[in-house]
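This is what each chain is made of:
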Amino acid sequence: MDPRYITPFIASIQNVFSTMLQLPVSIDEPRLKQDNRATYDVSAIIGMSGDVTGNVVLSFPADTAQRLVALFIGEDISTDNPDFADAIGELVNMVAGNAKADFSGKAVSISCPSVIIGQHHAVSSGSDTPCVIIPCQTDCGELAIEIAIRETNAASTGDSTAQAA
Amino acid sequence: MKILLIDDSKTMRNIQKAVLSQLGYTEIEEACDGQDALSKVGAFAPNLLLVDWNMPKMDGLTFVRNFRQNDKTTPIIMVTTESEKSRVIEAIKAGVNNYVVKPFTPDILSQRINETLGRLAA
Numbered sequence: 001m002d003p004r005y006i007t008p009f010i011a012s013i014q015n016v017f018s019t020m021l022q023l024p025v026s027i028d029e030p031r032l033k034q035d036n037r038a039t040y041d042v043s044a045i046i047g048m049s050g051d052v053t054g055n056v057v058l059s060f061p062a063d064t065a066q067r068l069v070a071l072f073i074g075e076d077i078s079t080d081n082p083d084f085a086d087a088i089g090e091l092v093n094m095v096a097g098n099a100k101a102d103f104s105g106k107a108v109s110i111s112c113p114s115v116i117i118g119q120h121h122a123v124s125s126g127s128d129t130p131c132v133i134i135p136c137q138t139d140c141g142e143l144a145i146e147i148a149i150r151e152t153n154a155a156s157t158g159d160s161t162a163q164a165a
Numbered sequence: 001m002k003i004l005l006i007d008d009s010k011t012m013r014n015i016q017k018a019v020l021s022q023l024g025y026t027e028i029e030e031a032c033d034g035q036d037a038l039s040k041v042g043a044f045a046p047n048l049l050l051v052d053w054n055m056p057k058m059d060g061l062t063f064v065r066n067f068r069q070n071d072k073t074t075p076i077i078m079v080t081t082e083s084e085k086s087r088v089i090e091a092i093k094a095g096v097n098n099y100v101v102k103p104f105t106p107d108i109l110s111q112r113i114n115e116t117l118g119r120l121a122a
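So the sequence lines, in the order shown, correspond to chains A and B. Numbering of the first sequence is given in this note's numbering, commencing with residue 1 and proceeding in unit increments. Numbering of the second sequence is given in this note's numbering, commencing with residue 1 and proceeding in unit increments.
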């Protein structure tokens, strides 16, 4: 995948977490994802369309996500509270929205976020779109950004879809 | 001062509500998308609107275009992750008076609100 579509997400997650959560994020070596199984138990998913299409996922272990949400909204809530998905969804919304602003010369729209919570779910991005994982470390725990996007005219078929399994 | 907060995220509405309360504004109505907001503007008659862009049912830009057909003057601040220059221009052309990019600090949001209301008073 073109690094021009990877680096904006690194800058964006650091900016979003620093501004909204006062939380530094350190980045580990990105790698190619080998299957569509979710990295962790909570997936916050946003779709991109326009000159660049695909999915971006923030994947969190449930306890990391709970700590982040507590920082974000100022109270501890469980993963089945509707406000939990709302807060997690807003994080991916900000990360994706800020990142796409750095896709030079590309007009890209983002969808409203979706959040899947539960073990052993899968997020499929279509067979023609490779997915790059960026592992992240914070004082609240680890998480990952999963980027499965491509330039619209760089491949010919398939919209990306997200599915719970 | 009556303020209408339009955002599909309750989290973001709560954060903005906290900033508005700190500024002394407590008469706040909430809407979860553009359609919900259009159904509330008549009865609530806001003096200021804070509008997200990406929302289900009706997005913020469509809401602003609809709202501006009947109200040319009530100030609108777009509060959104859409930060491309082309998007800001599009929003201003639709009738937005000021713009805040998410993520924002409480200081930035306060500054934009004061700036927007200050222009109105001038």
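No lab work stands behind these hints: they were computed from the structure. Hints are not guaranteed to be accurate.
Unchecked claim - If you want the footprint, here are the derived chain B segments under chain A, 3+ residues with CB under 8 angstroms:
1) 1-11
2) 76-86
3) 95-108
4) 111-122
Unchecked claim - Okay, the calculated beta carbon distance ranges per label pair:
5) B/P106 to A/P24: 47 to 57 angstroms
6) A/N81 to B/N70: 36 to 46 angstroms
7) B/A43 to A/Q137: 47 to 57 angstroms
8) A/P135 to B/M1: 28 to 38 angstroms
9) A/N15 to B/S86: 13 to 23 angstroms
10) A/P24 to B/A18: 49 to 59 angstroms
11) B/D36 to A/Q22: 44 to 54 angstroms
12) A/Q119 to B/A43: 42 to 52 angstroms
13) A/S111 to B/L120: 32 to 42 angstroms
14) A/D139 to B/S21: 24 to 34 angstroms
15) B/G24 to A/R4: 16 to 26 angstroms
If you're wondering where the values come from, they're calculated on a predicted model, not measured in any experiment. From the three backbone atoms N, C-alpha and C, an ideal C-beta is built for every residue, glycine too.
We went through each hint and held it up to the structure:
no.: 1; hint: 1-11; result: holds (count 4)
no.: 2; hint: 76-86; result: holds (count 6)
no.: 3; hint: 95-108; result: holds (count 5)
no.: 4; hint: 111-122; result: violated (count 0)
no.: 5; hint: B/P106 to A/P24: 47 to 57 angstroms; result: violated, 20 angstroms
no.: 6; hint: A/N81 to B/N70: 36 to 46 angstroms; result: holds, 38 angstroms
no.: 7; hint: B/A43 to A/Q137: 47 to 57 angstroms; result: holds, 49 angstroms
no.: 8; hint: A/P135 to B/M1: 28 to 38 angstroms; result: violated, 46 angstroms
no.: 9; hint: A/N15 to B/S86: 13 to 23 angstroms; result: holds, 20 angstroms
no.: 10; hint: A/P24 to B/A18: 49 to 59 angstroms; result: violated, 23 angstroms
no.: 11; hint: B/D36 to A/Q22: 44 to 54 angstroms; result: violated, 32 angstroms
no.: 12; hint: A/Q119 to B/A43: 42 to 52 angstroms; result: holds, 46 angstroms
no.: 13; hint: A/S111 to B/L120: 32 to 42 angstroms; result: holds, 34 angstroms
no.: 14; hint: A/D139 to B/S21: 24 to 34 angstroms; result: holds, 29 angstroms
no.: 15; hint: B/G24 to A/R4: 16 to 26 angstroms; result: violated, 45 angstroms
Of the numbered hints given earlier, the model fails hints 4, 5, 8, 10, 11, 15; all others are met.
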